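Engineer: One line per chain: the protein sequences are L and W, in this order. Those letters in the first sequence? Residues 10 to 317, per the numbering used here, in order. Those letters in the second sequence? Residues 448 to 963, per the numbering used here, in order.
Don't read these hints as lab results, they were simulated from the structure. Everything numeric in this text was worked out from a predicted model, so none of it was measured. Backbone N, C-alpha and C define an ideal beta-carbon position, used for all residues, glycine too. Watch out, some of these pointers could steer you wrong.
Take a look, some chain L residues computed to stay more than 12 Å from chain W by CB distance [claimed, not checked]:
hint : residue
1    : Tyr52
2    : Tyr54
3    : Glu62
4    : Arg67
5    : Ala73
6    : Ile78
7    : Leu113
8    : Met181
9    : Arg203
10   : Ile255
11   : Arg256
12   : Tyr258
13   : Val268
14   : Gln294
15   : Thr305
Each computed SDA-like pair below joins lysine to any residue, with the alpha-carbon atoms no more than 20 Å apart [to be verified]:
hint : chain 1 : residue 1 : chain 2 : residue 2
16   : W       : Lys791    : W       : Thr801
17   : W       : Lys826    : L       : Tyr205
18   : W       : Lys720    : W       : Ala771
19   : W       : Lys804    : L       : Thr215
20   : W       : Lys806    : L       : Ser251
21   : W       : Lys834    : L       : Asp204
22   : W       : Lys804    : L       : Gly118
23   : L       : Lys133    : L       : Ala187
24   : L       : Lys102    : W       : Leu883
25   : L       : Lys133    : L       : Glu70
26   : W       : Lys836    : W       : Asn480
27   : L       : Lys257    : W       : Ser503
28   : W       : Lys804    : L       : Arg203
29   : L       : Lys257    : W       : Asn887
30   : W       : Lys880    : W       : Asp795
31   : W       : Lys804    : L       : Asn154
32   : W       : Lys956    : W       : Ser503
33   : L       : Lys257    : W       : Pro589
34   : W       : Lys528    : W       : Asn633
35   : L       : Lys102    : W       : Glu802
36   : W       : Lys725    : W       : Ala711
37   : L       : Lys257    : W       : Lys836
38   : W       : Lys804    : L       : Ala116
39   : W       : Lys880    : L       : Glu70
40   : W       : Lys720    : W       : Asn887
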Amino acid sequence: MKNFTRRIYYLLFVLTGVGVAQAQTPLDAIMMKQKESCFALTYDYGSFDEYWEGTVLRTNETIAEVTRITVTPMIAIGLHDKLNFYISVPYVKSESGEPNGGLLQGAEGFQDLNLSLKYEILNKELWKGKLAVLASGGYATPITNYLSDYRPYSLGNGTNEWSIRGIVQYKMEMGLYARIAGGHLFRGETEVERDYYYNNGSYYTTWMDVPNAWEYNAAIGMWLLDNKLKLEVNCYGLHSTSGDDIRKYNAAQPTNKVVFDQLGFSGQYFIKPVKGLGVLAYYSQMFNGRNMGKFTNFGAGLTYQFKI
Amino acid sequence: MTMKKNIIVLFICACWCMLLVASCESDLPRFANYSAYAFSQLDEDGGTWTPVVLSSANQIAIQAPEDVSSPAYQAELTSLKSTIANLNEGQKNAVEYWTNNPIIRWNEIALELAAKYNLIPGPNPDGTYTLPNPATPEGPTPFPFAHPAYTSRMLAYLSVAQFDGLISAWHYKYVFNRLAPSQNDNSIESSYGDTMLPSYPSDGAVIATASRNILSAMFPLEKAYLQERAEEHLSSLLWSGANVESDIAAGEFLGVEVAKLALARASQDKMSKAQCPKPVSDSIKASAFTRFGWQWENLEIPARPVGLAPLFCNVRMWSVPNVADVRPGPPPAIGSAEFQTAVKELQDIQDNMTEEKRKIANWWSDGLGSYTPPGHWNKFAKDFLIKYKENPLRSARTFAYLNMAVMDAGISCWDAKYFYHYPRPIQTIPGFKTILGTPNFPSYSSGHSTFSAAAASILSYIYPTESTQCEAWAREAAESRIYAGIHYRFDAEVGIQQGKDVAQYTLAKAQNDGAD
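Hey, can you work out the whole structure from these sequences and the hints?
Structural biologist: Now the structure itself:
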């Protein structure tokens with residue numbers, strides 16, 4: 010049971026640690042047993058006062074500092090020892106700080122319904138540790154009529170997203186582990202509230218193509234204090250495969266080629282006296298980007314797991 | 448084991464679905480989807496219509512063409528046949544793209560450049576702003592900033608040059624009456640179908656060269672791009688079989704000459720002085736304060752020292768003798784009961800924003816980076832031209848009166864804006880937030896409302912069956928600014944009336960130009 014809890018924390022870190030562009034799918038190597046379930050609630054606070062206009066990092070006093078709070082309830086269910094199912098619905102609130110950026114309304118509401126399945130392909134002893142290989146597939150779709158074109162405050166991309174990911178992890182008996190994961194995000198089109206826009210040329214339609222993207226995640230971590238505390242250093246990146254750049258001193262739009270890489274650190278602690286309950290906290294900072302706010306994120310979460 | 452198999456099957460299904468979805472992405476439209484069509488009428492008397500910048504249809508003289516029986520013309524036909532017989536895919540696509548009404552394509556090119564250049568200069572690191580300078584168009588801040596006033600003027604000159612060029616072309620077409628190649632040689636087939644419209648001078652060539660030259664002056668950094676588009680267009684006139692080379696050469700000459708006359712007017716219309724220096728702007732502001740006790744302020748950070756085009760009001764109008772003739776009365780005094788009612792409405796809307804209002808605000812926003820409200824009305828006009836199968840001359844006429852009225856409406860609106868210098872809602876209502884950015888010019892009257900009402904009046908006159916729709920669009924465009932939180936209701940309502948008033952002057956000309 011203890012192990013199971015850790016797994017959920019592990020998952021949660023990945024879910025929330027990716028911050029603004031990513032809010033769902035597991036990139037981790039953890040599987041729940043059949044009929045095990047977990048409820049998790051995380052709070053993420055992200056902010057930026059600089060953003061990449063194309064590849065140029067700049068400030069903009071008219072939007073000043075943008076903050077983005079994301080609260081994500083999630084349920085994970087072990088359908089089978091080798092197949093897990095995840096569902097989550099983030100609630101997002103985004104606005105500029107006063108007084109500078111306080112002239113424009115922010116945005117607030119439920120974002121996308123995220124569903125994903127993860128399948129364990131391989132899990133075997135190797136030297137003095139365990140090698141795990143997994144694959145996952147996800148689907149996300151907007152559940153409210155938020156405006157994806159209302160940048161920088163829009164709640165999300167406003168389009169369906171299908172994802173596939175592969176994950177490989179090696180964990181030593183002593184508690185040290187390393188993990189790499191890679192995935193591809195297939196994004197559709199988002200409907201905006203104008204029927205003409207410029208994207209390196211004219212477009213006469215209300216639909217904008219949201220670029221597909223590659224993502225990666227690499228982590229090194231360690232279990233400490235008799236497996237009650239886990240510390241991890243994590244690098245996550247998302248790289249759109251196409252798209253235009255934000256034009257000079259102009260607003261972003263969903264067609265933009267979004268790229269970012271961020272480095273994070275997380276700590277997770279399992280509260281022994283309360284069965285099934287745990288906490289986590291993390292911090293991450295973007296260090297490279299394109300058409301993206303240079304976000305700093307920190308967050309905290311609670312998890313509770315139980316048998317169905 | 449079966450469970451495991453099922454899981455694998457499920458996974459494969461999911462991946463398959465994903466690829467299916469990914470492959471379903473459609474090609475998004477980059478320009479109007481229409482093909483060459485038979486014109487609803489030829490306007491054989493088009494050469495008698497009253498031009499705008501030309502004194503008469505024959506002010507620019509062109510040579511008489513060679514007779515169709517002459518060896519020179521026969522040689523042109525032979526050459527044309529061999530050209531048509533050897534078209535590659537790219538050339539066929541060009542023929543399909545340009546069509547027999549290329550007025551529409553050049554209008555689209557103009558709108559695309561408007562959207563490309565509609566970028567407001569951002570602040571320098573030291574908090575100053577560098578304005579675009581036509582003498583050094585490459586920058587640091589590229590010229591132009593194609594804001595709504597600039598774009599309205601750009602479109603007006605483009606459309607007027609096209610219109611006058613085609614009136615002249617129509618005049619000569621029916622004077623010389625040299626029929627199309629396909630009428631003179633049975634073995635030639637035009638991609639655009641049979642037409643009895645005489646082909647000398649080529650109307651397509653007039654449009655290509657006049658449009659290229661006007662747009663090159665308006666967007667100096669795009670000269671090479673425009674030259675490339677014009678070359679393709681001119682070549683497509685041959686590839687389509689619509690014209691022989693001498694038709695095109697005569698049309699090119701006419702287009703170049705008419706563009707010169709239009710640009711001569713443009714160089715004297717005082718647009719170059721519209722963006723005045725700070726001391727002038729400050730004195731305009733101070734005199735408004737003396738007169739009315741209020742003044743608009745730019746609230747961006749860092750504050751912009753001068754609003755957008757304070758002296759656009761001095762730019763030469765097309766149809767209104769004096770801008771003061773169409774100036775509306777003053778707005779309600781700040782703090783008055785009428786003002787408070789308007790403020791309360793704005794607060795109620797922002798506190799109870801609905802998806803419908805949000806959508807209307809965005810639909811009409813036509814803000815930075817877009818083709819602006821004048822561009823939006825050109826798009827509506829374009830749709831009508833296709834729907835009613837207009838010939839190029841009629842199309843140019845529609846755009847010319849539309850864009851002259853819209854530019855005059857802009858000049859009148861900017862006159863009111865800087866004469867009254869009325870503050871925006873974010874300035875007068877503490878803590879007020881909007882869903883669109885507040886523009887860098889005073890509130891009263893609303894530009895969207897004035898532009899739209901003028902445009903709707905012209906389109907309603909030309910297409911009476913569309914008038915209900917056009918009036919509804921104009922009202923919604925006006926309303927959208929209230930929903931966005933950037934205009935009071937009185938800005939919008941007065942703007943609508945002002946736009947209609949301005950359009951009356953344009954209509955008086957249109958109704959007497961001989962086309963009705």
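Engineer: All the hints need checking, so say for each whether the structure fits it.
Structural biologist: Evaluation of the provided hints:
1. Tyr52: Fine: 25 Å to the nearest Cβ keeps Tyr52/L off the interface.
2. Tyr54: holds (21 Å)
3. Glu62: Incorrect as stated: the minimum Cβ-Cβ distance to chain W is 9 Å, not above 12 Å.
4. Arg67: violated (8 Å)
5. Ala73: violated (8 Å)
6. Ile78: Check passes; 18 Å lies beyond 12 Å.
7. Leu113: violated (6 Å)
8. Met181: Check passes; 28 Å lies beyond 12 Å.
9. Arg203: Not fine: 6 Å to the nearest Cβ puts Arg203/L too close to chain W.
10. Ile255: About 10 Å separates Ile255/L from the closest Cβ of chain W, which leaves it inside 12 Å; violated.
11. Arg256: Violated, because the least Cβ-Cβ distance between Arg256/L and chain W comes to about 6 Å, which does not exceed 12 Å.
12. Tyr258: violated (3 Å)
13. Val268: Check passes; 20 Å lies beyond 12 Å.
14. Gln294: Check passes; 24 Å lies beyond 12 Å.
15. Thr305: Its Cβ never comes within 12 Å of chain W, the nearest being 22 Å, so this holds.
16. Lys791/W / Thr801/W: holds (17 Å)
17. Lys826/W / Tyr205/L: Holds, at about 9 Å.
18. Lys720/W / Ala771/W: Given pair Lys720/W, Ala771/W holds - Cα atoms ~19 Å apart, limit 20 Å.
19. Lys804/W / Thr215/L: Holds, at roughly 17 Å.
20. Lys806/W / Ser251/L: violated (28 Å)
21. Lys834/W / Asp204/L: holds (19 Å)
22. Lys804/W / Gly118/L: holds (17 Å)
23. Lys133/L / Ala187/L: holds (15 Å)
24. Lys102/L / Leu883/W: The given pair, whose Cα atoms are some 18 Å apart, holds under the 20 Å limit.
25. Lys133/L / Glu70/L: violated (54 Å)
26. Lys836/W / Asn480/W: holds (14 Å)
27. Lys257/L / Ser503/W: Distance of about 45 Å is beyond 20 Å: violated.
28. Lys804/W / Arg203/L: holds (13 Å)
29. Lys257/L / Asn887/W: Holds: Lys257/L and Asn887/W sit about 17 Å apart, inside 20 Å.
30. Lys880/W / Asp795/W: Holds: Lys880/W and Asp795/W sit about 12 Å apart, inside 20 Å.
31. Lys804/W / Asn154/L: holds (13 Å)
32. Lys956/W / Ser503/W: holds (15 Å)
33. Lys257/L / Pro589/W: Distance of about 11 Å is within 20 Å: holds.
34. Lys528/W / Asn633/W: The hint holds at about 11 Å.
35. Lys102/L / Glu802/W: OK: Lys102/L and Glu802/W at ~17 Å, within 20 Å.
36. Lys725/W / Ala711/W: violated (28 Å)
37. Lys257/L / Lys836/W: Not satisfied, since the Cα-Cα distance of roughly 39 Å exceeds 20 Å.
38. Lys804/W / Ala116/L: holds (15 Å)
39. Lys880/W / Glu70/L: Holds, at about 16 Å.
40. Lys720/W / Asn887/W: Roughly 18 Å separates the two Cα atoms, so the pair holds.
Taken one by one, the earlier hints fail for this structure at numbers 3, 4, 5, 7, 9, 10, 11, 12, 20, 25, 27, 36, 37, listed in ascending order.
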